[in-house]
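A.B. asks: This is what each chain is made of:
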Amino acid sequence: MHNRVVVWGTGNAGRRALKGVIEHPELELVGVHAHSPDKVGRDAAELAGLTTPTGVLATSDVDALLDLRPDCVAYMAMGEFRPKEMTAEVCRILEAGIDVVSVSNASLVYPPSADRRIIDKLRAAAEQGGATMLTTGIDPGWSGDVLPLVLTALCERVDSITVSEVMDYGTYPDAELTGWAMGFGRRPEEDIPLLTPGAATGVWSPTVQLVADALGVELDGFEEELEYRLAPETFEVAMGTMAEGTIAAVRFAVKGMRGGRPVVTAVHCNRMRADIAPEWPVLTNGKQDGYLIEVVGSPSVTCQIELADEHGDNNGAGIIGTAMRAINAIPAVVAAPPGLVTPLDLPTICARGLVA
Amino acid sequence: MTYRVVQWTTGNVGERAVRAITTAPQLELVGCYAWSPDKAGMDVGELCGMAPLGVTASNDVDALLALRPDCVMYAPKWPDVDELVRILEAGVNVSATAAFITGHALGDGRQRLLDACARGGSSIFGSGMNPGFANLLALVSAGICDRVDKITVLESVDSTGYDSPETELPCGFAQPIDAPGLQAMTASGTAVFGDAVRMMAGALGVELDDVRCEAEYAQTTVDLDLGSWQIPAGHVAGIRASWQGVVDGRTVIDLRVCWRKGQSLEPDFPIEHGYLVVVDGQPSVRTKLEVFPPADFQATTFKEFMVLGMIMTAMPAVDAIPAVCDAPPGIVTYNDIRLPMPRGLVPR
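So the sequences go chain by chain: A and B. Under this note's numbering, think of the first position of the first sequence as 1230, with each following residue one higher. Under this note's numbering, think of the first position of the second sequence as 5, with each following residue one higher.
These are calculated hints, taken from the structure and not from any lab test. Incorrect hints may have been included.
Have a look at the derived ranges for each label pair, beta carbon to beta carbon [to be verified]:
{"hint": "1", "chain 1": "B", "residue 1": "Glu276", "chain 2": "A", "residue 2": "Glu1452", "range": "33 to 39 Å"}
{"hint": "2", "chain 1": "B", "residue 1": "Glu276", "chain 2": "A", "residue 2": "Leu1573", "range": "29 to 35 Å"}
{"hint": "3", "chain 1": "A", "residue 1": "Ala1353", "chain 2": "B", "residue 2": "Ala299", "range": "46 to 52 Å"}
Derived contacts from chain B toward chain A, CB cut-off under 10 Å, selection only [stated by the list, open to error]:
{"hint": "4", "residue": "Arg20"}
{"hint": "5", "residue": "Arg23"}
{"hint": "6", "residue": "Pro29"}
{"hint": "7", "residue": "Leu143"}
{"hint": "8", "residue": "Cys149"}
{"hint": "9", "residue": "Met204"}
{"hint": "10", "residue": "Ala205"}
{"hint": "11", "residue": "Val251"}
{"hint": "12", "residue": "Ile257"}
{"hint": "13", "residue": "Val283"}
{"hint": "14", "residue": "Pro287"}
{"hint": "15", "residue": "Asn339"}
Covered stretches of chain B (in silico footprint by chain A; criterion: 3 or more residues with CB under 8 Å from a CB of chain A, positions within the stretch not fixed) [said to hold, decoys possible]:
{"hint": "16", "region": "134-141"}
{"hint": "17", "region": "150-158"}
{"hint": "18", "region": "206-220"}
{"hint": "19", "region": "291-301"}
{"hint": "20", "region": "314-320"}
{"hint": "21", "region": "343-351"}
Since we're looking at a predicted model, the values are computed, not measured. All C-beta atoms, glycine included, are put in the ideal place defined by N, C-alpha and C.
Construct the complete structure from the given sequences, taking the supplied hints into account.
C.D. replies: Dropping the structure here:
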C-alpha cells in the first residue's frame, strides 16, 4: 500500500527526506512545505537535487497542505529554537488526523520524559485527531537508543551502557543550529546554549531515560560532564571560520545514575579537526569517526559503526540517516494506533523497498 | 504481566536460559523438560548449577503441557518437528535457540509447524547469536539508508573453545578434506542461515530468485584435541561458508561465517575476531561488533570459556519471549515482533 506523504521543511535533512520520498517505491510525495519565499513555488525535485520534475510545488499554505489529506507528514523543520511555533504547527497537523514522523527537537524522542508543556499539547492534538506521532533521527532515534537495546539482547547482565557520537564536524554545514548552539567558532565567555549547565541534560536525558525504562531500570537522576577545547590557530571548516582561541571541540556526557554510578550514558565528542583533543575517544576499526556503543556486562559488547555517503563523508551520511530513519518509519507509524509513540511501540524499522 | 515459561532441555544453552528466566521479573519458570532419565526428577536449579528452584525437571511432555505455560523456551541442539507440533498445537508458544528462524530448513516440517500454530493459535520464533541477533543488527543498521545495494554479515571467530560436536560435525568439521559431498553437508548443516537470508529479504521487501550456499575448507596439519572430540590431521578444521540471497543474478544478502579451530590450518583462514555487518548503499554503514568476557570472568577450561557463547545463544531467544507470546499465531521472526526489551539485566 502506498502512503501519501507531505514533507515539511527543506533544510539539510528535509532535502534528503524529499529525495527519499520521491524515490521510494512505496511512498508518494503529495506536498512540500517551505517557509522561505525563494523556495515556495519550486518543484520538489529541484529542491531535492533531482532532475525529473515531480509536479509537486513547494508551498507555505498550511491549509492547502492539510486539505491534501496525506497519510503522514514528515516534519523536518528545525524545532529546537522555535518550540512554540513547531508545537503549534505539529498540533495542527495531528488535529487534522494526519500522522507525523519528525526529526525536530531531539528531546521529544521519548515523550514520557520530554518537556511537559510541549508533550501535553502534542498528546491532546494526537488524541483529538486520532493521529500518531514518532520523533526519531539517527542520534537520538537510532544509535543512542534502538542500537544499544538491540545489543543488550546478547547479555545476561548489564552493568552500564555508553553510547558515544564521535564525529568530526569539519564537513558539517550547519552553522545555524549546531555551530551556534554548541559554541563552535565562538569564545567560551559568550552566551552558548550548550554550555549552560543542564542544557545537554535537557536535550539528551529523554534518550537515556528511554533506554533505562526499556531495561526496567529506575534512575536516581542525571549527571552531566561538559568540556571544550580551543582552536590552536585559525582554520576554515564547512560551517565557517574557526578563529584561534574559539571553541573547536566539544565533549559532553549525560549520565543516567543509579546508586552513585552511571548506568546509561549518552556522550557527544565533536571535533572541528581530527587532531584536536587527541585525548578524547576515537573509533579504532578504520575510520576515526562514527558511533561507539559500549555495553559492560556479561558478556561485554563493543560496537563501532562507521558511516559514509558517496563522498566518504560521515556528516553527509548522518544527514541522510536522520532523514531516512523518519521516512523508513512512515509505514509503521501510519499502521500504529494513535498517540505519541516511540521505537519501543513499533516493529523493526528497516530500509523496506529500497534494495537497488 | 508475567509470562509462564517451561524450559525445554538443560544442556549448555538451556542452563543459561534457566538462569535468565529466573532473573527476568516478567518471566516465571513453571516447568522444565529433560529427556534423560538421570535428569528427570531433579530440581532444575541443581541441574543448572544453581540453588534449588523448587521446580522439578520432567520427561512427561503431557504433564508439562498441562501446566498451560505461555511459552516453551526450546533449547535442544536441533529442532524436532514432532515435538514442536505437539507443543504448538497445545496452544503453547515457542521461542527457540535450536537452529530455527523461518522453518524453511525443515523442509516439509515447516508446513506441519504452520498447521500446528493454526490449530493451537500459537507462535514459534527462533533466534540466537547468529543467525538471529546478527540479522536483527544488520536490519536495524540498514534502517538509515535510502538505498541498499547489499548487506553482508560476517561471523569470523576462532571457535576452538566452542566444544559443540553435535552442532559442528554436521557442518563438515572433522571430515577428510577431500570428502565427497562436503559442500552438500555444509549446506545442510548450516541451512538455518538460508532461513536468515529469507527473513532479511522479507524485511527488505525483496523477492529472492535463489538462496544458495558456497563453502571452502581448510585442513589441520596436526591432530587437534577439542575437549570432547578430536580432528585428525588432514581433516576439516576451518570452514568458510557464504549463504547468499540472489536477485536478478546479483547477491543482495550475503551471510558469511569463517570458523577456525586451532593454529594449524592449511590454507590459513585469517579471522576478524568478531562480527562485521556491512551495508553497501546510501549511506554505507559498517558495523563491527566485538564481545569480551566480563571483568569478573574466570575461565580455566574450554567449557568455562564457552559459557559466553552459550549466553549469547540463549539470551536473544529468552528476551523475545514476551513479544513472541503477544505476536499473532504462526511462524514469526524479528520482522513480526516488537523490539524485545530485556528486563532485570541491570543488577542493583
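A.B. asks: All the hints need checking, so say for each whether the structure fits it.
C.D. replies: Status of each hint after checking the structure:
no., hint, verdict
1, B/Glu276 - A/Glu1452: 33 to 39 Å, "holds (36 Å)"
2, B/Glu276 - A/Leu1573: 29 to 35 Å, "holds (32 Å)"
3, A/Ala1353 - B/Ala299: 46 to 52 Å, "holds (48 Å)"
4, Arg20, "holds (7 Å)"
5, Arg23, "holds (7 Å)"
6, Pro29, "holds (7 Å)"
7, Leu143, "holds (4 Å)"
8, Cys149, "holds (5 Å)"
9, Met204, "holds (8 Å)"
10, Ala205, "holds (9 Å)"
11, Val251, "holds (7 Å)"
12, Ile257, "holds (9 Å)"
13, Val283, "holds (8 Å)"
14, Pro287, "holds (3 Å)"
15, Asn339, "holds (7 Å)"
16, 134-141, "holds (count 3)"
17, 150-158, "holds (count 4)"
18, 206-220, "holds (count 4)"
19, 291-301, "holds (count 10)"
20, 314-320, "holds (count 5)"
21, 343-351, "holds (count 9)"
Violated hints for the displayed structure: none, as all numbered hints are satisfied.
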